[in-house]
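Produce the complete structure using the sequences and hints provided.
Protein chains in written order, with our numbering: chain P, 6 to 170; chain U, 5 to 152.
One or more hints might be untrue.
Heads up, simulated DSS-like pairs for lysine-lysine below, C-alpha to C-alpha not over 27 Å straight-line [as the list claims (entries may be wrong)]:
| id | chain 1 | residue 1 | chain 2 | residue 2 |
| --- | --- | --- | --- | --- |
| 1 | U | Lys129 | P | Lys135 |
| 2 | P | Lys140 | U | Lys129 |
| 3 | P | Lys93 | U | Lys129 |
| 4 | U | Lys151 | P | Lys140 |
| 5 | U | Lys69 | P | Lys135 |
| 6 | U | Lys113 | P | Lys140 |
Okay, the calculated bits of chain U under chain P, using three or more residues with CB under 8 Å as the criterion [to be verified]:
| id | stretch |
| --- | --- |
| 7 | 44 to 53 |
| 8 | 74 to 83 |
Pair ranges (Cβ atoms, derived) [what the hints assert, rightly or not]:
| id | chain 1 | residue 1 | chain 2 | residue 2 | range |
| --- | --- | --- | --- | --- | --- |
| 9 | U | Gln140 | P | Glu56 | 40 to 50 Å |
| 10 | P | Phe39 | U | Asn106 | 42 to 52 Å |
| 11 | U | Asn108 | P | Phe39 | 29 to 39 Å |
| 12 | P | Lys159 | U | Gln140 | 40 to 50 Å |
| 13 | U | Gly47 | P | Asp83 | 37 to 47 Å |
| 14 | P | Glu80 | U | Gln140 | 47 to 57 Å |
| 15 | P | Met27 | U | Gln140 | 43 to 53 Å |
These are computed hints drawn from the structure, not numbers from a lab. This structure is a prediction, so every number in the text was calculated from the model and none was measured. Yeah, the Cβ is synthetic: ideal placement off N, Cα and C, and Gly gets one too.
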Amino acid sequence: MIKNKRGAEEILTVWNVIIWTMIAITIVTGTLVFYSAEINVKMYESEILGEKIIRCLITNNDNGLPIIKPEVLNEEYDIIEACNLERKIIVGVGNYVIAMNITEEGTKEEIKRIIVGNEVYYEVTCNLNKEGESKDKPRCADRSINLYPENKPKQILRITTGSNQ
Amino acid sequence: MSKVRDGRIIMEKNKLFINRKGDVEVLNSTIIFLILNVLFFAGMFLFVVEKTNSHAVLEEVYAKKIALLIDNAEKGITMNLDVKELYEAAKENNYPAGQVININNEENKVTVKVKEGTGYGHSYKYYTKTEEKIFQEADGKSYIKLKI
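Okay, here's the thing in structure tokens:
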């Protein structure tokens with residue numbers, strides 16, 4: 006305890022003020038950081054988008070096995086229109102990417118490839134944030150489905166969807 | 005108060021009457037110290053309480069929840085969503101229940117707001133194309149019905 010000239014104990018010292026300041030900074034910072042943290046739903050959004058795309062690209066054959074819808078293989082196939090998505094949001098804002106490709110098993114020959122939205126996400130950014138290390142980068146979801154076209158070798162459909170909203 | 009004699013600390017009797025200048029100073033500074041301590045911790049407590057009662061998190065959670073529900077829903081589906089928490093928060097702030105959830109079909113945006121004024125409310129966009137306006141019906145107390 007610090008004593009003054011008369012021997013009285015000095016409780017109010019500069020150290021008290023410093024300690025209060027430190028406590029205040031800790032409490033204020035902790036509370037602000039906790040309550041200003043964004044609720045990140047990018048991954049859920051990407052997964053939902055992926056499910057939506059799968060639902061609109063695939064149908065079942067007579068044996069109940071998944072096949073790609075015939076119209077998907079057309080040159081003019083518009084995935085945004087066909088999957089009931091809003092073009093101005095998916096393409097216009099640049100916060101989303103949808104990439105799909107169909108390859109033949111064995112030959113690895115690419116039958117169809119579509120990329121819409123922010124292509125940079127698909128090419129670069131998705132791989133940089135696989136575990137969600139950064140909340141500012143997009144989160145991407147990958148799906149892979151085996152397709153069984155009639156009288157043709159098995160095909161693999163790969164879909165990557167990403168969101169950065 | 006204590007004194008040190010021959011290396012030992014000897015406690016004196018508690019004094020009922022303050023008769024020395026040093027004692028008065030100790031008492032005054034102790035009282036000031038206690039008052040400042042109480043004020044400081046009360047201030048901190050009020051700050052944390054104010055932040056925890058903030059409705060910003062609630063608005064963000066519901067805006068994102070509704071947008072994701074719209075994106076995940078099949079066309080033609082009708083959903084009942086429990087939003088009692090939101091209506092209670094709006095009631096606390098005297099904010100009209102009818103304006104708590106706003107779905108803007110032109111901008112594909114869900115906005116949730118439980119307090120009047122700029123800077124309040126949270127918006128989130130959904131990517132599903134809706135040919136018709138999303139039908140919204142609410143009882144203003146506990147639920148909202150959405151038809152996609």
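Looking at the structure, which of the earlier hints fail to hold?
Hints 4, 9, 10, 13, 14 contradicted; others consistent.
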